[in-house]
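Counting from 122, one number per residue, gives the positions in the sequence shown under the working numbering.
Bear in mind the hints are in silico, worked out from the structure with no lab data behind them. One or more of the hints may lead you astray.
[Stated by the list, open to error] With a straight-line cut-off of 20 Å between C-alpha atoms, the simulated EDC-like cross-links for lysine to aspartate or glutamate are:
id: 1; residue 1: K220; residue 2: D282
id: 2; residue 1: K291; residue 2: D163
id: 3; residue 1: K220; residue 2: D163
id: 4; residue 1: K291; residue 2: D230
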Amino acid sequence: MSTCRRPHPTPPSASTLLRSHLRKEPVHVRHRPPSGPTALLDAWLRLWNGGLSLTPEIVSDDFRLHSVMIDGSDSSSVHGADGLTAYIRAGRAAFPDLKFVIGVPPLFDGAYLSVRWTATGTYGGGFPGAEAAPGIVVTFTGTDTLLMRDGRFSEYWLNADSLHMLRQLKAL
122 MSTCRRPHPT PPSASTLLRS HLRKEPVHVR HRPPSGPTAL LDAWLRLWNG
172 GLSLTPEIVS DDFRLHSVMI DGSDSSSVHG ADGLTAYIRA GRAAFPDLKF
222 VIGVPPLFDG AYLSVRWTAT GTYGGGFPGA EAAPGIVVTF TGTDTLLMRD
272 GRFSEYWLNA DSLHMLRQLK AL
């Protein structure tokens with residue numbers, strides 16, 4: 122029995138991304154069957170943009186996040202598909218329309234992938250300590266470094282500009 126898979130967008134080349142970034146033009150994406158790290162990165166981006174059902178397909182059972190959390194705690198509670206889904210869901214609770222876009226072409230080095238992103242979303246309220254009124258648009262950036270193993274991500278190092286986000290929320 123064969124299964125038919127929906128084609129995943131083909132990520133644009135580094136030069137196409139750079140040219141469109143410099144000119145502020147939209148990037149056009151061709152569709153092709155999923156394969157390799159670029160398809161995994163595409164799924165990662167769709168996951169963070171609200172496609173939470175993708176989590177078990179793209180992260181390993183022993184997945185781990187390495188980051189300092191916004192409250193200063195460590196990230197040891199974020200492991201496996203369920204932990205990552207809960208983490209993303211919590212972030213999206215304050216920014217229901219949060220949208221991530223790749224800002225700089227990704228770097229691949231063996232089993233490692235690193236990508237710079239920009240996130241923009243409308244603050245919906247409920248962020249502890251925030252004095253900003255719901256409805257403001259917040260933008261912040263970050264870099265994800267991911268370890269790929271057996272076709273899925275197994276470790277994730279997150280570096281986000283939380284200070285910039287907190288200032289926009291008037292939480293400092």
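Here is what the structure says about each hint:
Under the criterion of a C-alpha separation no larger than 20 Å, the hint pairing K220 with D282 is consistent with the structure, at around 16 Å. The hinted pair formed by K291 and D163 fails the criterion: a straight-line CA distance of about 33 Å is larger than 20 Å. For the proposed pair K220 and D163, the alpha carbon gap of about 14 Å is at most 20 Å, so the pair holds. For the hint linking K291 to D230, the alpha-carbon distance of about 38 Å lies beyond 20 Å, and the restraint is violated.
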